Amino acid sequence: MASRAFRGEIWTNVHPYILDAIVKANAEEVDGCAGGDKYTAKATELLAREFDGKISVFYTISGTAANVLALKCMLSAYSTILCATQTHINCYECGATEYNLGAKILAIDSPDGKLTPALLDTLTARNAKYHYRHTTVVITQPTEFGTVYTSEEIKAVCDWAHEKNMSVLVDGARIGSAVAATGESLKEMIEKPGVDALTFGGTKAGAMMGE
1 MASRAFRGEI WTNVHPYILD AIVKANAEEV DGCAGGDKYT AKATELLARE FDGKISVFYT
61 ISGTAANVLA LKCMLSAYST ILCATQTHIN CYECGATEYN LGAKILAIDS PDGKLTPALL
121 DTLTARNAKY HYRHTTVVIT QPTEFGTVYT SEEIKAVCDW AHEKNMSVLV DGARIGSAVA
181 ATGESLKEMI EKPGVDALTF GGTKAGAMMG E
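Per the working numbering, the sequence shown starts with residue 1, numbered consecutively.
Hint data in this document are derived by calculation from the structure and do not stem from the laboratory. Errors might be hidden in some of the hints.
Computed cross-link-like contacts, BS3-like style, restricted to lysine-lysine with a CA-CA straight-line distance of at most 30 angstroms [as the list claims (entries may be wrong)]:
no.	residue 1	residue 2
1	Lys-72	Lys-187
2	Lys-24	Lys-129
3	Lys-24	Lys-38
4	Lys-72	Lys-129
This structure is a prediction, so every number in the text was calculated from the model and none was measured.
Just need the whole structure built from these sequences, with the hints factored in.
What follows is the structure, given as structure tokens:
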């Protein structure tokens, strides 16, 4: 029987199309410094087409770096991040968020890896006596269980957070899989529900590196 484990990029190879594209690009003369070349400009243009509002795009070498950078823009001093226990930043990134940002992660178990307003209420009530400064909610789309949030579920989390002056980050290391599974666009899944920041994964979609 084939394994049903939800594996990451360390279990698969770079897609041949991407390897071919890298070889072709490498044969061309460099036309700009880091971030100022035509390929970076094209990637930014393609991402911008996915949304109605203006976006800012930053490129990193890994998903962990992307999550830390995004959260750095969203957190204030002594901030607390809320997430499900199984969320990637809490399980797989070796404490990078707390170490680099000086932020506290508060997590709650979820039967399917998803956060809901009810779980967030439980999490904050459970820790109310500690007077944490809740700043940001982080969800993973798809989750570490392979489950996928609907746009309505994401909106419910965003509404809960925004009512409390909090922001929402979607860790989209596998966001391409979520788009394929739901048939929704990034505008429908991310922008319309009110997500404040998205890390857009390439590595788990067959890229050699880059988020």
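Hint-by-hint comparison with the structure:
1. Lys-72 to Lys-187: 24 angstroms, holds
2. Lys-24 to Lys-129: 58 angstroms, violated
3. Lys-24 to Lys-38: 14 angstroms, holds
4. Lys-72 to Lys-129: 26 angstroms, holds
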